[in-house]
Structures are given as C-alpha cells and as structure tokens.
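Enquirer: Each chain, written out:
Protein chains: 2
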Amino acid sequence: MTPKQAKAAIHLRVMLAPGIAIGPGKADLLAGIRDTGSISAAGRAMRMSYKRAWQLVEELNTSFREPLVEATKGGAGGGGAQLTRAGADVLARYARMCAAASDAVATDLAALRKHLRAKGR
Amino acid sequence: MTPKQAKAAIHLRVMLAPGIAIGPGKADLLAGIRDTGSISAAGRAMRMSYKRAWQLVEELNTSFREPLVEATKGGAGGGGAQLTRAGADVLARYARMCAAASDAVATDLAALRKHLRAKGR
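Heads up: the protein sequence lines correspond to chains A and B, in order.
Residue 104 in numbering that gives the first Met the number 0 sits at position 105 of the first sequence, with consecutive numbering throughout.
Residue 35 in numbering that gives the first Met the number 0 sits at position 36 of the second sequence, with consecutive numbering throughout.
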C-alpha cells in the first residue's frame with residue numbers, strides 16, 4: 000500500500016469490462032510514470048516488480064482504444080515513458096471518480112467509525 | 000471473485016482506521032453468514048478457507064465496539080453463527096455506501112467505457 004492509498008478513506012476499483020478494471024494500483028502506477036518519466040522507476044516506488052509494472056501498462060494499453068503510456072526515445076538515460084493524452088485523461092477521470100465516491104460515502108463512513116472500538120486511540 | 004462482485008460496476012473498500020477496512024470480501028462474508036447461518040458455509044461459498052473466514056470474523060468482531068457475528072448454540076447441526084444487530088447495521092451501511100458511490104461515478108464510468116477497445120464485444 001502506498002502512503003497515498005493509506006491516507007485515502009476509500010479505495011475504489013472500477014470494473015470497465017469483464018476482466019478489465021482500474022483501481023488504486025494502476026492509478027498510482029500511471030501517476031508514478033507521469034511523475035518519474037519511467038515505468039520501472041514508477042513500479043519501484045510502489046515496490047512492484049519491473050515485470051509486474053510492465054504487465055499492468057501493457058494491460059492498460061491494450062484495453063483502451065489508444066495507449067495510455069508511450070515510450071519516449073533518446074536522452075541521456077536512453078529513453079523512458081510518459082502518459083499520452085488518453086493516459087492523462089483516464090487518470091484524471093479516475094481521480095475524479097474517487098473524489099466523488101468519497102464525498103458520496105462521507106456521512107456513512109463517519110457514522111461507521113463511531114462504532115469502532117476505541118482501543119489504541 | 001464472487002458472482003455478485005463480478006457484476007458490480009465498482010468495488011469499494013472503506014478504510015475505517017489504520018489497518019482496519021471493510022470491502023467486498025468482508026461484506027460478502029457477512030452476507031453469507033446471514034444467509035447460511037454458518038461461518039464455514041459462508042466462507043466455502045466464497046472459496047475461502049475455514050481459517051481465513053474465521054480470521055475475518057474475528058477481525059471484524061474485535062474492531063467494532065460490539066461483535067458483528069455471534070455463535071448460535073444448539074440445534075441438530077451443533078450450532079452455527081448469525082449476524083448481531085450491529086452486524087446487520089454495518090452490512091446495510093456498507094451496501095448503502097456502495098450504492099451511493101456507484102451512483103456518484105456512473106457518468107464518468109460510462110464515459111471511460113466508451114474509450115475501451117471494442118475487441119471481443
């Protein structure tokens with residue numbers, strides 16, 4: 000679990016089609032690629048194996064009509080990766096869905112939390 | 000993944016406190032206990048090991064001020080389990096949160112789905 004996820008009050012997984020979903024893992028990976036310019040660096044920051052990070056990117060790229068992540072060529076580091084416009088759109092939309100869902104459940108969540116045992120607080 | 004979860008458009012995990020969450024797994028287990036009167040039968044229906052089902056129930060029971068599941072004594076089967084009123088309340092509230100979150104993201108979800116590759120449809 001990333002620090003970002005640990006702080007979130009909800010985790011949302013959205014079922015796009017049978018066998019195709021986007022949730023906190025893929026969203027954090029996309030955000031990491033945007034921030035680091037590298038699939039492997041983004042995966043590493045999530046303690047995800049290189050292979051797993053590439054698998055998830057491949058899954059996303061083949062699920063959508065346009066790829067969400069594209070390789071960038073050249074530069075001193077020998078190229079990396081970046082979000083396409085479609086990738087940025089999907090990530091922004093997922094973030095908006097999380098915010099909307101979080102707002103929608105806030106009252107019930109506060110009520111649920113009142114019934115927790117006080118232990119350790 | 001249970002058939003019920005496979006059909007849902009979203010999966011919601013609610014973080015109640017650090018290390019304490021309720022999501023589709025625990026919710027389905029509670030619903031199964033309500034429906035079967037047995038922790039092991041409820042776990043079996045989810046292809047969950049007996050040990051795992053009991054662990055989750057124990058986790059829920061110690062997280063909340065009142066237990067959510069209680070043992071029932073006697074009867075031909077030697078006793079089973081049922082939801083307490085608190086357990087039924089938590090399950091109902093979680094279901095309401097899922098419905099509210101699902102409504103809140105419906106428009107964005109429909110838009111996201113339009114960008115999926117048509118493959119296999």
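If you're looking for bench data, these hints aren't it; they were derived computationally from the structure.
Certain hints may be false.
A pair counts as met if it fits within one copy or between any two copies, since identical chains are not told apart.
The list that follows gives simulated cross-link-like pairs (lysine to any residue, SDA-like), each with its CA atoms no further than 25 Å apart [said to hold, decoys possible]:
1. LYS113 <-> HIS10
2. LYS113 <-> TYR49
3. LYS113 <-> ASN60
4. LYS50 <-> THR61
5. LYS72 <-> ARG95
6. LYS50 <-> SER101
7. LYS113 <-> SER48
8. LYS113 <-> ARG33
9. LYS50 <-> LYS113
10. LYS113 <-> ILE19
11. LYS50 <-> ALA99
12. LYS113 <-> MET45
13. LYS113 <-> GLU69
14. LYS50 <-> PRO17
15. LYS50 <-> ALA110
16. LYS113 <-> ALA99
17. LYS72 <-> ALA99
18. LYS113 <-> GLY36
19. LYS72 <-> ARG12
20. LYS50 <-> ASP107
21. LYS72 <-> MET14
22. LYS113 <-> ARG46
Enquirer: All hints, please: hold or fail.
Expert: Hints, verified against the model:
1. LYS113 <-> HIS10: both (20 Å within a copy, 23 Å between copies)
2. LYS113 <-> TYR49: neither (41 Å within a copy, 30 Å between copies)
3. LYS113 <-> ASN60: The answer is between: 15 Å across copies meets 25 Å, while 42 Å in one copy does not.
4. LYS50 <-> THR61: within (16 Å within a copy, 38 Å between copies)
5. LYS72 <-> ARG95: neither (31 Å within a copy, 48 Å between copies)
6. LYS50 <-> SER101: neither (32 Å within a copy, 32 Å between copies)
7. LYS113 <-> SER48: Answer is neither: 39 Å inside a copy and 31 Å across each miss the 25 Å cutoff.
8. LYS113 <-> ARG33: Classified as between: cross-chain Cα gap 23 Å, same-chain 38 Å, threshold 25 Å.
9. LYS50 <-> LYS113: This pair counts as neither: shortest intra-copy Cα distance 42 Å, inter-copy 29 Å.
10. LYS113 <-> ILE19: between (35 Å within a copy, 13 Å between copies)
11. LYS50 <-> ALA99: neither (32 Å within a copy, 36 Å between copies)
12. LYS113 <-> MET45: For LYS113 and MET45, the Cα distance exceeds 25 Å both inside one copy (32 Å) and across copies (29 Å).
13. LYS113 <-> GLU69: between (46 Å within a copy, 21 Å between copies)
14. LYS50 <-> PRO17: Classified as within: same-chain Cα gap 23 Å, cross-chain 30 Å, threshold 25 Å.
15. LYS50 <-> ALA110: neither (41 Å within a copy, 30 Å between copies)
16. LYS113 <-> ALA99: Both: 22 Å inside a copy, 20 Å across copies.
17. LYS72 <-> ALA99: neither (37 Å within a copy, 44 Å between copies)
18. LYS113 <-> GLY36: Answer is neither; intra-copy 42 Å and inter-copy 27 Å both fail.
19. LYS72 <-> ARG12: neither (32 Å within a copy, 39 Å between copies)
20. LYS50 <-> ASP107: Neither, since 39 Å and 30 Å both go past 25 Å.
21. LYS72 <-> MET14: Neither: 33 Å inside a copy, 41 Å across copies.
22. LYS113 <-> ARG46: neither (34 Å within a copy, 32 Å between copies)
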